[in-house]
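There are 2 protein chains.
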Amino acid sequence: MKDFITTNGYDMPPSEFRKFGHQLIDWIADYMENIEKYPVLSMAEPGEIKTKLPPSPPEKGEPFNNIFEDVEKIILPGITHWNHPKFMAYFNSTSSGPGILGELLSAAFNVNGMIWQTSPAATELEHVVLDWLRQMLNLPEDFWGIIYDTASISTLHAIAAAKTEAEDKYKENFEVSKLCVYFSEHAHSSVEKAARFLGVKNIRKIPVDEDFRMIPDKLEEAVNNDFGKKLIPFCVIATVGTTSTTSIDPVEEISTICNSKNIWLHVDAAYGGTAAIVPEMRYILNGCENAGSFVVNPHKWLFTPIDLSAFYIKKPDLLKKTFSLVHEYLKTEKDNAVVNYMDYGIQLGRRFRALKLWFIIRYFGKEGLANIIREHIRISNKFAELIEAHPGFEKMAPNPFALVCFRAKMPDKTQQEINKLNETLLHAINATGKSFLSHTKLNGDYVLRLSVNGIHTQERHMLETWELIKHTLETILKEQI
Amino acid sequence: MKDFITTNGYDMPPSEFRKFGHQLIDWIADYMENIEKYPVLSMAEPGEIKTKLPPSPPEKGEPFNNIFEDVEKIILPGITHWNHPKFMAYFNSTSSGPGILGELLSAAFNVNGMIWQTSPAATELEHVVLDWLRQMLNLPEDFWGIIYDTASISTLHAIAAAKTEAEDKYKENFEVSKLCVYFSEHAHSSVEKAARFLGVKNIRKIPVDEDFRMIPDKLEEAVNNDFGKKLIPFCVIATVGTTSTTSIDPVEEISTICNSKNIWLHVDAAYGGTAAIVPEMRYILNGCENAGSFVVNPHKWLFTPIDLSAFYIKKPDLLKKTFSLVHEYLKTEKDNAVVNYMDYGIQLGRRFRALKLWFIIRYFGKEGLANIIREHIRISNKFAELIEAHPGFEKMAPNPFALVCFRAKMPDKTQQEINKLNETLLHAINATGKSFLSHTKLNGDYVLRLSVNGIHTQERHMLETWELIKHTLETILKEQI
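Read top to bottom, the protein sequences are chains F and Y.
Here numbering that gives the first Met the number 0 is used: position 378 in the first sequence is 377, and no number is missing along the way.
Here numbering that gives the first Met the number 0 is used: position 338 in the second sequence is 337, and no number is missing along the way.
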């Protein structure tokens, strides 16, 4: 029995941890330096990785070197490289050096910050770092913050808090089946998922204007209509930086409607929010001070390893009312003097996520982070100019942040033919492994999306991608003749 | 603007990453080697850490060394050391060398495994590793697996799937207000939280026997009673290894009731499940093959950095039905050939968690993991024997796993006095910083809990803690005279 006991209990001996730790750090540094040599999008076929892995677990332990060889041989070809400077699909959330080191330290401490006592530093650093972020975004002091894993969970908590408030307000007239929630058709899928999950049946998708922004008059109309039917309009979700086009709902006007009708406003700024760190971009959050809750994801555009979603709420007691349920084994002497974050969410287990964000804010500073985001916006604006100046392409939506929606133009073709061409174009670009873009549909049009928000992406990567796009289109058009 | 561009885009330069990475690996190795020098429970007072941190974020970036100095100076005193071999509170989930390295690599790749295409290896490794774990637990092949963050979320998904099934089954007779859920009063708080969250109003807490196990007859009675009232009994949660005492609900008998009444059975084996890797412990999962869903947390007793919760379900299509909502920008050509895990859960963003579990299973092997768990059980059994053999203490519950509930005995005192004494004893032990225990209440009795499931915990740590317990009690009793 005792042969597996080392100086480190039953764990990997420290000498081995040191050796393989150094090896892995060097491997990661090399990987980052050589990242452009890899195809951005994994070229694996469905099932290919799986067939290379043994169907059953090993009976005996293996030397760490074997595992590491398989990372290179089996895993690496199945990785789509989010770190690649030409990953321009979706929102390219990248990590960063200080973020990776923060995550490493957090995995080593491995504290569960469910209550204050289980690591006071985890709770108090979370409090401080979220307040730093709040200040960086110039949001009001009554925004109380908590870290969840994803925006999906943050939004779920927002709608749950709104529901609890409605229950308090409507008392015996409250019925889940009467609840109505409002968001634009461009809101993130997680918003509808969360509302449905909470049993909300009346989901009102408010039309958008030609720039894909919610139309406040249509919202007001829908709300009045539901009040007229004796239903309960309880929550509106506005988006700052929608996923398809990064459009910005008119939060200020929406908040006026919500406040006058006493409806909870939640702002989903998961992607767009961090841009407000750039002083000249702060306008994007105008009106957010009137919201009941707000989410921004540092793991999207603040170079924080996934996952870290920052959620702010003005009435945290509603979360506590919704979620607090404390069993005896979690009670401590200090409960009256401290915040136990587990009381404010569905998850009891809580990783020490604040550490990596603290590393990042300190290493780059507010100014450094603003510089990177500003540069991303500049690069994407330049791409938009190239698109607009080229006769073969057209821009398909405004680009307030660092994402451009565009497509290849074909004057004499049907919508179906143009869509087909652009779909072919996207797949052909991605198949080269040189750049990775994604797509969306806008009013039935198949549209390509180019997003510049990875920390490794510089102007030359955008320019090389632009050449690739033009060249690929030419090749396709030649083949079609 | 360009002065912040390095060879690594706008990120920390690779040379710096290398330097500080090596430094951090050495720091962690030293920390692990010296872990016993730290007080287990942080001695910080509420607010102490916070006051040492600047109230506002830095304008300019800082050298990484400064940040690192503050980790030692400010953060470390606020850490409760979950890695300490005498952290015997709660369930002492510890990380492990290979787990930390897996988390490091996963933070470096930083892929979001929301769909197959965004990293085929993340999806396919998750599939393979969860199947390995299923085989290690000897669970049936029709258990389909997915990784969530925490057992709270796994259980939430189980109850949501059960609800969707009930909706399908009861059709127009379905009403959320009719739903009834059943679990023992010893089930984890997350179970009740999840049920309430999903709008379930009829929460039936089934009584337990003298060993804190759900009484099947009482369950059947409650179910029949609810059917009689035209309500909808839709979900039972049985626990294998409850949080207070690690009692095991009689899953086999419970599953017979559930199957005959067509009620969803979810088994919460978050803590206890991994013990089934030890062949002679496999009995603890008897009957689980009949469950509709099952959760086990490798981050609890399989040395995996928090968080990683493994969820198994026989009808994954119910999850898809509950959660799938795919916007255009996430559609790919491969959707029919692959699993896109985002369709099976509330969270869109998904970390590459399978990597660390793969590292752990390969490094230790099935046998190695079984050896560690078996040793934990042996150590805790020995502690239970010491308690039972000592006239000043008594064991307060059976100890089927690696946790012992006990208290100091006082023959001629009232329950209140005995409770007070044991509370004083616990706080006095924890205040030494030498060991960290937690408590619970059983039938009104204040009871101490000693859990042996950290990877660094060896027999001598239990023996030293036992001496500390006896010595502390003696001191308290002397002072009281």
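To be clear, the hints were calculated from the coordinates, so they are not data collected in a lab.
Hints may be right or wrong, so weigh each one.
What the hints assert, rightly or not - PhoX-like, lysine-lysine: derived pairs with alpha carbons at most 25 Å apart:
| id | chain 1 | residue 1 | chain 2 | residue 2 |
| --- | --- | --- | --- | --- |
| 1 | Y | 260 | Y | 333 |
| 2 | F | 229 | Y | 477 |
| 3 | F | 319 | Y | 49 |
| 4 | Y | 394 | Y | 477 |
| 5 | F | 433 | F | 412 |
| 6 | F | 440 | Y | 333 |
| 7 | F | 177 | Y | 177 |
| 8 | Y | 440 | Y | 408 |
| 9 | Y | 168 | Y | 394 |
| 10 | F | 394 | F | 365 |
| 11 | F | 330 | Y | 229 |
| 12 | Y | 228 | F | 320 |
| 13 | Y | 320 | F | 204 |
| 14 | F | 200 | Y | 320 |
| 15 | F | 177 | Y | 320 |
| 16 | F | 314 | F | 168 |
| 17 | Y | 49 | F | 51 |
| 18 | Y | 320 | F | 440 |
| 19 | Y | 177 | Y | 229 |
| 20 | Y | 49 | F | 333 |
What the hints assert, rightly or not - So the derived label-pair ranges between C-beta atoms look like this:
| id | chain 1 | residue 1 | chain 2 | residue 2 | range |
| --- | --- | --- | --- | --- | --- |
| 21 | Y | 393 | F | 47 | 55 to 63 Å |
| 22 | F | 443 | Y | 18 | 33 to 41 Å |
| 23 | Y | 140 | F | 442 | 19 to 27 Å |
| 24 | Y | 18 | F | 459 | 46 to 54 Å |
| 25 | Y | 261 | F | 204 | 23 to 31 Å |
Using N, Cα and C, we set each Cβ at its ideal position, and we do this for glycine too.
Cross-check of the supplied hints:
Straight-line distance between C-alpha atoms of residue 260 of chain Y and residue 333 of chain Y comes to about 40 Å, which puts the hinted pair past the 25 Å bound. With a C-alpha separation of about 70 Å, the suggested pair residue 229 of chain F and residue 477 of chain Y falls outside the 25 Å cut-off, and the hint is violated. Annotation: proposed proximity of residue 319 of chain F to residue 49 of chain Y holds, straight-line Cα distance about 22 Å (limit 25 Å). Restraint check: the Cα-Cα separation between residue 394 of chain Y and residue 477 of chain Y comes to about 23 Å, which is no more than 25 Å; the hinted pair holds.
In summary, the hint linking residue 433 of chain F to residue 412 of chain F is not supported, as the alpha carbons are separated by about 29 Å, beyond the 25 Å threshold. A threshold of 25 Å between alpha carbons decides the hint, and for residue 440 of chain F with residue 333 of chain Y the separation of about 18 Å falls inside it, so the pair holds. The hinted pair formed by residue 177 of chain F and residue 177 of chain Y meets the criterion: a straight-line CA distance of about 17 Å does not exceed 25 Å. Proximity of residue 440 of chain Y to residue 408 of chain Y is assessed by CA-CA distance (about 15 Å); at most 25 Å being required, the pair is judged to hold.
For the hint pairing residue 168 of chain Y with residue 394 of chain Y, the CA-to-CA distance comes to about 46 Å; that exceeds 25 Å, so the pair is violated. With a C-alpha separation of about 32 Å, the suggested pairing of residue 394 of chain F with residue 365 of chain F is violated against the 25 Å cut-off. Taken as a hint, the residue 330 of chain F and residue 229 of chain Y pair is broken in the structure, with Cα atoms around 38 Å apart against an allowance of 25 Å. For the proposed pair residue 228 of chain Y and residue 320 of chain F, the alpha carbon gap of about 30 Å is over 25 Å, so the pair is violated.
Between residue 320 of chain Y and residue 204 of chain F the alpha-carbon distance is near 21 Å, which keeps this suggested pair within the 25 Å criterion. Distance hint between residue 200 of chain F and residue 320 of chain Y is fulfilled; the C-alpha atoms sit about 16 Å from each other, no more than 25 Å. Note on residue 177 of chain F and residue 320 of chain Y: the hinted pairing holds, with a Cα-Cα distance of about 23 Å set against a maximum of 25 Å. For the hint linking residue 314 of chain F to residue 168 of chain F, the alpha-carbon distance of about 14 Å falls within 25 Å, and the restraint holds.
Taking the CA atoms of residue 49 of chain Y and residue 51 of chain F, the gap is about 49 Å. The hint is violated against a cut of 25 Å. For the hint pairing residue 320 of chain Y with residue 440 of chain F, the CA-to-CA distance comes to about 24 Å; that is within 25 Å, so the pair holds. Taking the CA atoms of residue 177 of chain Y and residue 229 of chain Y, the gap is near 8 Å; set against the 25 Å cutoff, the hint holds. Between the alpha carbons of residue 49 of chain Y and residue 333 of chain F the distance comes to roughly 16 Å, so the proposed pair stays at or under 25 Å and holds.
A beta carbon spacing of about 59 Å between residue 393 of chain Y and residue 47 of chain F agrees with the range 55 to 63 Å that was offered as a hint. Between residue 443 of chain F and residue 18 of chain Y the Cβ separation comes to about 53 Å, which falls outside the hinted range of 33 to 41 Å. Between residue 140 of chain Y and residue 442 of chain F the Cβ separation comes to about 47 Å, which falls outside the hinted range of 19 to 27 Å. At roughly 27 Å, the beta carbons of residue 18 of chain Y and residue 459 of chain F sit outside the given window of 46 to 54 Å.
Taken as a hint, the range 23 to 31 Å is violated for the pair residue 261 of chain Y and residue 204 of chain F, whose Cβ atoms sit roughly 36 Å apart.
Going down the numbered hints, you'll see the structure goes against 1, 2, 5, 9, 10, 11, 12, 17, 22, 23, 24 and 25, while the others check out.
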